[in-house]
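All chains should be built: construct the whole structure from the sequences, respecting the hints.
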Amino acid sequence: MQDRIRNFCIIAHIDHGKSTLADRLLEYTGALSPREMTDQVLDQLELERERGITIKLQAVRLSYSAGDGREYILNLIDTPGHVDFTYEVSRSLAACEGALLVVDAVQGIEAQTLANLYLALENNLEIIPVINKIDLKSADVEKVKQELEDVVGLPGDEALLVSAKEGIGVRDVLEAVVKRIPPPAGNHANSLQALIFDSHYDSYRGVIAYVRVMNGEIRPRMKIRMMSAEKVFEVAEVGYFRPLMTRSEVLAAGEVGYVVAGVKNVRDCRVGDTVTDAARPAAQPLPGYRKAVPMVYCGLYPVDSNEYEQLREALEKLNLNDAALTFEPETSAALGFGFRCGFLGLLHMEIIQERLEREYGLSLITTAPSVVYRVNLTDGEERRIDNPALLPKAGEIASVEEPYVASRIIVPSQYVGAVMELCQEKRGTFVNMEYLAADRALLTYEMPLSEIIFDFFDLLKSRTRGYASLDYELLGYRSARLVKVDILLNGETVDALSFISHVDRAYQRGRELTGKLREIIPRQLFEVPVQAAIGNKVIARETIKALRKNVLDKCYGGDITRKRKLLEKQKAGKKRMKQVGSVEIPQEAFMAVLGID
Amino acid sequence: METAVYVHVPYCATKCHYCDFLSFPLSQSSLAPGEYLACLEKELSLRGRELAAGGYQVTTVYIGGGTPTVLAAAELDRLLCSCSRHLPLVSPEWTVEANPGTLDPEKAAVLSRHGVTRVSLGVQDLDRNRLALLGRNCTADDARRAFVLCRENFAVVAVDLLAGLPLQRPCDFTVTLTAVLEWRPQHLSLYSLKTEEGTPLAAAVASGEVLLPGEDETAEMLTAARELLTVAGYVHYEIANFAQPGHACRHNLVYWQNKPYLGVGLGAHSYWRGKRLVNAQSLPVYAGLLDRGLLPAAEELTVTEREAMENTMILGLRLLEGVDLDGFTARHGCDARLVFSAELARLKDFGLISYDFKRVKLTAKGINLANEVFAEFISVAGNLDKTQ
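Chains A and B supply the protein sequences, listed in that same order. Terminal number for the first sequence in the working numbering: 2089, no gaps in between. Terminal number for the second sequence in the working numbering: 651, no gaps in between.
Since the hints were derived computationally from the structure, they do not count as laboratory data. Be careful, since some hints might not be right.
Heads up, incomplete: computed chain A residues facing chain B, CB under 8 Å, no partners named [as the list claims (entries may be wrong)]: (1) D1495; (2) L1807; (3) L2017; (4) R2040; (5) K2041; (6) N2042; (7) D2051; (8) R2056; (9) Q2062; (10) K2063.
DSBU-like, lysine-lysine: derived pairs with alpha carbons at most 35 Å apart [what the hints assert, rightly or not]: (11) K628(B) / K2057(A); (12) K624(B) / K2057(A); (13) K1953(A) / K1629(A); (14) K457(B) / K2067(A); (15) K2057(A) / K611(B); (16) K611(B) / K2063(A); (17) K2066(A) / K278(B); (18) K2057(A) / K621(B); (19) K522(B) / K2063(A); (20) K628(B) / K2061(A); (21) K1885(A) / K2029(A).
Okay, the calculated bits of chain B under chain A, using three or more residues with CB under 8 Å as the criterion [claimed, not checked]: (22) 473-481; (23) 630-642.
For each residue, glycine too, the CB sits at the ideal point set by N, CA and C.
Structure (C-alpha cells):
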C-alpha cells in the first residue's frame, strides 16, 4: 500500500501558476468534475482569490491510474506563496517527499522560488522542475532551463514543459510524481507519529487537524497525545480530503488526512506539533516544531469604542484558524481601548485587517506597524518594545537593538544600480551580488526589518518597474542609534502616531509626516498646530488652518428631507473619524507614517 | 389659517452642468407640456378642495423648476389660471422663477395679468465664459434685459447669484455683484456652487478639467459680498438671502419657520398635517395616479416630535434673527435649551452660535459654517452603514 502513495507539494513564486496547475491536477484525476471546478479551488478564502495568493494550506488526495497500470494515491499539499508564511511552507514541505518547482517560462527564477527551493532541499525533498506557461509567446524555455542549471543546479533537460492554463503536459507531471518521487518511508507497526501541518476550526466539531502520518496509524476512538502541547484527546473521526472531507477507518504511515478529536482550542493543536498514541507514545516528537513568532506589531482599535467587544470576539475567531496571530489588550490615550496584534509580516497584517473589516463589519483604526525592539536600560533591565509609544525616555536607555534581516533581491541587471541605491537609503549593508544569467542579478543585503516593513517593497517594485522580487529571513538583533519621534496635535502628544526612527532620518521623517498629516486631517473649527518632537525638542511644525466655510446650499422647495440626509452623511463621516482631544482625525492618518521615507 | 403652495415645473431649456434637481430639457420630456399642465390642474383641484374645506387661505405661491418660463405664453396662462381657479388665494405673494433668455414681453404680460408679484431671476453670474463652463448659454446683456423687463412688470425682482464658480477669483465675484447691485433688485440670493454627485460638473472636477476655487477664496467672496450688500442697504435675513427692508421672501419664510405647506407637481415636497410627502418623481407614475383621481404622493414620512424639533432648529437657524425660544416652547411643549443643552453648549464654545433669553442665532463665524451647526442637531439613527 505504502509504495503506492506519493506525497508532494508545489512551490512557486507568486503568479507563476501554482494554483492553476493544482486545479489541472485535480481536474485530470477526476477529483472534481469540470462542473464543480470553481477557478483555483485550492484558494478558498475570498481574499485569497482576490489577491491571487494562497494563505491557508490545503491538502487533497488524488487517485491516479499511472502508465504502469497501477492505481496511485497522490497527496497534494498546497503551500502559501508569500514570505510572511515561510514557517507554514516549511511545515507542509516536511509532510512531503517531493516538490514540483514551478517556474514561469517568461519570468524565470524569482526570489521566492529560491527561498522555497532552499527550504525544500533542507527537507530532503525530490525536486521536479516544471516550466509553466510555455504557451505564452514570450516564453523562453531554453533560458529558464539554463537558469535552473546555473542557479539551482538542477538538470534543465529534466524540467517538464507545461502550460497549466492550456492543460499541456499535465499527464507528464503526474507521471513524474509517480516515477521520481519516492514513496513515503515509515512503518505502520511503530508507535504513532503524525505531523500537524495545518488546522482549521469548525464551529461544530472543533479543530480539524491536517496531519501527515510518519509512523504507526491513527483510528477513531484512539486516545492521542499532542506531544508539545501535552494534551490528550480521543479521536472522533479520521479521513481524507478529496477535496471534500471524506471519512475513513484509518490513517496509516505515509498517508495524509485529517483528524477530528474534539479539540476546542487551536492552541492545543499547533502547526508543527506531533500527534502520538497516548497508550503507546513515541519516544521522540518529529523534529522541527517551533512556535510561529510574530515579526510585526500594530495596534488595532475600533473607530466606535462600543465595538471593542466585537473586535475581541472577531480576533478570537480568526485566531482559531490562525495561531500565528497574537493579540493583547492595549490602551492608547488617543484611541482608547484596542489590541496590540502581532503578525508574521505586513501582508499577514493587511489580510487580518481586511478580514476584520469585511467579514466582521468592523470599522478599524490601524496604527503604523512596528518591529520588536530590544531596549537595554541603564539599570540593566532588558525590555521588549513592540509599540513605539512605550519606548522609555532617552535618559533611561543604555542601548536599543533592532531586528535585521538578510534580504535576497533578484532583479534585471539594468536595475542593479537603482536597487543598490534604495538598499543604501534603507540602511542596508551590501553582502553579495551574483549574476544568475547575463541579464539578471541576485543581490544580498543585510537590512533593518523596520525599513522593509515600511514601504520598501513598494519602492522596490516602482524603481524596477515591477521586475524585482524580494525574499528575506531574520538574522538577529543589532544595536542602532534609534530615537522616538512624537507627534503633537494642538499641543497634545498623540501616542498612536509616535514612531521610532534612526536618528539620522528622524528630522526628515518628522517633517514629512507633519506635512502629510496637514493634508490628511481636515480643517477643524479652530487652527491646529501639528508638531513632531524628539523628547521636548520640536523638530517640525505645520499648521492646519481653521475651517472657514462650508457650502451655503439652497434648501430647494423646502426639501428638508434631502438636507437632513446630507447632514446625516456629514455627521456619519465624522463618526468614522477619531476624536483625539478636540481634533477629529481620519483613520488613514494613523498609517500616514508608512508612506514617508 | 394661512398656508403656502409650491408648484413644480420640471422643464428647462438645457440642463446646467451642476444641476441635480428634478428637471429636464423640454425636448427630452416623455410628457408634452399640455399633458403635464392637465395633471397639475387635477392635482390643484384635489388640493384646492381640501384647502377650501379646511378653511385655509393661501398667502404665498411659488412656481419653481426647472425653468417655468420655458413654457409658452399660452401654457403659462393655463398654469396660472389653474392656480387662481383652484387655490383659495388671498392677496398672495406670488413668485415665478425665470431664467434670462426665456422671458419675453408677452410672457411677462401674462404673468403680470394673473397677479404674479415677484420674479426670481436665475442670473448666477454675468461672465460669459464662466457661465459657459456651467452649461449656461447666456450673456450679461441677456441678464440685464430680462431684469429690466421684470422691473417693468413686477413689484419685486429677486436675483440669484453663485459664488465659487470655476475660474472665479474673489475680485471677479465682487465685479459681478457690483454690476447686479446697480440694477437695484429688491432681493438677492447668494449660494455657493456645490458639486453634486453624478453631474457633469462633478465628473469635470474629478478629471481635473475644471478647477474650482478653494474654500478660502469662496469664503472671501461671500464675506466681501455681505459687507457690500450691507453698505448698499440690504438686510441679511437668511444665511444666503438678502433683501431691501420689507422684501424678505414670505414663501421661503414658511419653510424656514418649519410651517406647513403644500407642494404640487412632479416630485414636489409637502409638509402637511405632520407628514413629509414626496410626489412621484417619474412622469408616467405621476400622471397615472392623477388619472385615477389620486393624490400623486409616492412617499409619506411621519415626522416624529424629535425630528420636528430638530427641523425647527436647523431651518430656523438659517434665519439671521435665529430661533425664538418662547416660540419653540409654545410649539413643541418643551424648552430648546433643555432638549439641545449639549449641542448648544458645544456650538457656543466654538463661537458658532450665540443665545440670550429670547433667541438662539448664528454668529458671523457660524454663518459660513452653518452646516457644522445644523449637523449638530441631527440625531443620526443608531446604526452606521458600514459599507459606505
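Hints and how they fare:
no.: 1; hint: D1495; verdict: 55 Å, violated
no.: 2; hint: L1807; verdict: 18 Å, violated
no.: 3; hint: L2017; verdict: 5 Å, holds
no.: 4; hint: R2040; verdict: 4 Å, holds
no.: 5; hint: K2041; verdict: 4 Å, holds
no.: 6; hint: N2042; verdict: 4 Å, holds
no.: 7; hint: D2051; verdict: 5 Å, holds
no.: 8; hint: R2056; verdict: 6 Å, holds
no.: 9; hint: Q2062; verdict: 5 Å, holds
no.: 10; hint: K2063; verdict: 5 Å, holds
no.: 11; hint: K628(B) / K2057(A); verdict: 24 Å, holds
no.: 12; hint: K624(B) / K2057(A); verdict: 23 Å, holds
no.: 13; hint: K1953(A) / K1629(A); verdict: 24 Å, holds
no.: 14; hint: K457(B) / K2067(A); verdict: 23 Å, holds
no.: 15; hint: K2057(A) / K611(B); verdict: 24 Å, holds
no.: 16; hint: K611(B) / K2063(A); verdict: 18 Å, holds
no.: 17; hint: K2066(A) / K278(B); verdict: 33 Å, holds
no.: 18; hint: K2057(A) / K621(B); verdict: 30 Å, holds
no.: 19; hint: K522(B) / K2063(A); verdict: 25 Å, holds
no.: 20; hint: K628(B) / K2061(A); verdict: 23 Å, holds
no.: 21; hint: K1885(A) / K2029(A); verdict: 13 Å, holds
no.: 22; hint: 473-481; verdict: holds (count 3)
no.: 23; hint: 630-642; verdict: holds (count 8)
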